[in-house]
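Sequences listed follow chains Z and C, in order. Mapping to this note's numbering: the first sequence position 505 is 1005, numbers consecutive. Mapping to this note's numbering: the second sequence position 34 is 81, numbers consecutive.
Derived by calculation from the structure, the hints in this document are not laboratory data. Hints are supplied without guarantee of correctness; some may be wrong.
As the list claims (entries may be wrong) - Residues of chain C placed beyond 12 Å of chain Z at every Cβ, according to the derived structure: (1) 53; (2) 64; (3) 114; (4) 117; (5) 121.
As the list claims (entries may be wrong) - To spell it out: a stretch of chain Z is covered by chain C in this simulated footprint if at least three of its residues, at any positions, have a beta carbon under 8 Å from a beta carbon of chain C; those stretches are: (6) 655-665; (7) 682-688.
Claimed, not checked - Straight-line distance between alpha carbons at most 20 Å, and here's what the computed DMTMM-like set of lysine to aspartate or glutamate pairs gives: (8) Z:533 <-> C:51; (9) Z:529 <-> C:51; (10) Z:573 <-> Z:826.
Positions of the beta carbon are idealized from the N, C-alpha and C atoms, including for glycine.
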Amino acid sequence: MTTMHLGAVDWAIMSVYFGFVLGIGIVLKRSIKTSGDFFLSGRAMPAWVAGLAFMSANLGAQEVIGMAASGAKYGMATSHFYWVGAVPAMVFLAVYMMPFYYGSHARSVPEYLRLRFDEKTRGFNAISFSVMTVMSSGISMYAMGLLLHMLLGWNFSLSMWMCALIVLAYVCLGGLTSAIYNEVLQFFLIVFGFLPLVLLGLHDVGGWSGLQAGLARVAASQGFAPGAWSESWRFMDSTSHNPMGVEWFGMVMGLGFVLSFGYWCTDFLIVQRAMAAESMSAARRAPLIAALPKMLFPFLVIVPGMIAIALTHEAGSGFSLPAKPDGTPNFDLVIPVMLGRYFPNGLLGLGLTALIASFMSGMAGNVTAFNTVWTNDIYQPYIRPTASDAHYLWMGRLATVAGVVLSLGAGYLVAQFNNIMDVLQLVFAFINAPLFATFLLGMFWTRANGHGAFTGLVTGTLAAGLHHGMTLPAHASTGVKGGWLAVLHVYPSEMAQNFWTAIFAWSACFLVTIVVSLTTGRGAARRDLSGLVYSQTPRVAGDADPWYLRPGALGLLALSAVVALNILFW
Amino acid sequence: MTLDIRLPIGLLFGLLGALLVVQGCLGGPSPVRDAARPGAGAGFNVDLVWGSVMLVFAGGMLLFARRQAIRRRQGPG
């Protein structure tokens, strides 16, 4: 595709943004006095700031681009990733899990595991999380370098290095607070950058009804019923009725339960933002505050994809997506192509800045999570247990540099071996799914002990590997996609395989943790678990909050809203 | 005292909004991007309109920040 042409105003917009990002880091440096300030913002963030950062930390550019691509490939059913696959987990985290994360005074998710279980469980999580988060950061950088190269003709290495240096600067200077403030900025940038795209695009296809008509054409051309792209539940009865190739049970259990809870409730990148809140009630409200924009985001990121695919099937629209080497349309380019079609210079600069901002804050999020877990959960316990707070603060900054350098390395590695991205998505699922089982048992069952937790985690991860090695998605060849042990079952789609891998991993961890906990160490159950387990924690007295601000009430509100949206787009 | 986040938000979007408004004034209505498809061009000055929306948002943020600063200065009693 032809590269985009940026005008002076677009460059001005980008420069202003980068200037602000660095400026915020510089201004915040003065307020970083202790390691607590650096790693957890001194636990002083207001609920709304923590909430928006919570959501933005998850909203990397890959999500924006990926969701638009999925919107084109699968239609409205993509909203399941938000309405089933995120909001319920966020509500659960806020209402049931934050009291333990925040109340235990753990400085990280691995630290909670040490308090609740034992050192080896913490170690397993700290190490696996550190590796995952650095690789994730690398993937983010690679994707950004690639996109900027394709769209603007920028040198791949140069873009990666420039963004890496900017992130390094503002995180080293201002710590988590810097990252959080920039995430909030990124949130508003994405809203202002993409809302015009949706509005202009809908205007172009003739409103929502025009879009539905266009999507009916798309569905017909691929052999599905007319509503398959615009209705999210009706065609979930069987894998052959919807373009995603999943049915409702696998989707609800795999995505809605295991994968989504595994991610939103245990991934420190996300949880760290809620832990930075200024009080228990703020920490519980943060995920709920995030749930509102989260449930509205399908309209911002998925709809452009749906508009794009409708346009490609409309004769005379003059719209087409560039093709990949194998001839299939490159759906990852939906957002850039749409930006180019509708945005004049000015808005174009805004949209691009929003994209670059989300890549950068995705990376910053990974780096802040990494420097915290490294310093508090690997360096302090295993390498240098007795040192001053100033020393750990210094180590945090050093870890930031190391984290950025490692991410760059990971980025180059991914550039060399493209299949790594597929492998890594799997590894994340392998690790996150069982972790949720561990947390569930840890928080609600006093008999769960360290031996059970550790064995469960290891078994769950292995079970995920085994399941992946023995199954294959349709039309894929054995190897990275699966079936590398033997092909015992073929799934109709990669997504279905993904969901079921998660279900197996979770179940294996759940069962093994129970069995091993029951058969080992009665003594562990007599430890003081107050503040760490539901049955031994005094119910949080409602603060001075009026009833409508209580987490339970807000949670119920969020769930009702999400159910309403699901019904509306049934 | 840590920086109130409403300030950089207001300043950033104020600047960006101003840039869009200026570009809008200089540029005129959005060009029709595709001769074969007149509907694709918005037909109105997108930069000017959206830039103004952002300026309003920025103004709101700065107002909030100012109110918060005044309240803090007035302090407890």
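Legend entry - Check of the segment 682-688 of chain Z against chain C for coverage (Cβ-Cβ below 8 Å, three residues minimum): holds (count 3)
Inset, instruction - Quick one: work out the minimum CB distance from residue 64 of chain C to chain Z and report holds if it exceeds 12 Å, violated otherwise. - result: 9 Å, violated
Legend entry - Status of the stated non-contact between residue 53 of chain C and chain Z (beta carbon gap over 12 Å): Contrary to the label, residue 53 of chain C does not stay out of reach of chain Z, its closest Cβ about 9 Å off (not over 12 Å).
Inset, instruction - Run the C-beta distances from residue 121 of chain C to all of chain Z and say if the shortest one exceeds 12 Å. - result: 19 Å, holds
Legend entry - Closest CB of chain Z to the CB of residue 117 of chain C still more than 12 Å away: 17 Å, holds
Inset, instruction - Establish whether the coverage given for the segment 655-665 of chain Z by chain C is satisfied; the threshold is a Cβ-Cβ distance below 8 Å, and no fewer than three residues must meet it. - result: violated (count 0)
Legend entry - Nearest-CB test (12 Å) between chain Z and residue 114 of chain C: 14 Å, holds
Inset, instruction - For the pair we were handed, residue 533 of chain Z and residue 51 of chain C, check the Cα-Cα distance against 20 Å. - result: 18 Å, holds
Legend entry - Satisfaction of hint between residue 826 of chain Z and residue 573 of chain Z, Cα-Cα up to 20 Å: 16 Å, holds
Inset, instruction - Take the C-alpha atoms of residue 529 of chain Z and residue 51 of chain C, compute the straight-line distance between them, and say whether it is at most 20 Å. - result: Given pair residue 529 of chain Z, residue 51 of chain C holds - Cα atoms ~14 Å apart, limit 20 Å.
Of the hints listed earlier, those the structure fails to meet are numbers 1, 2, 6, in rising order.
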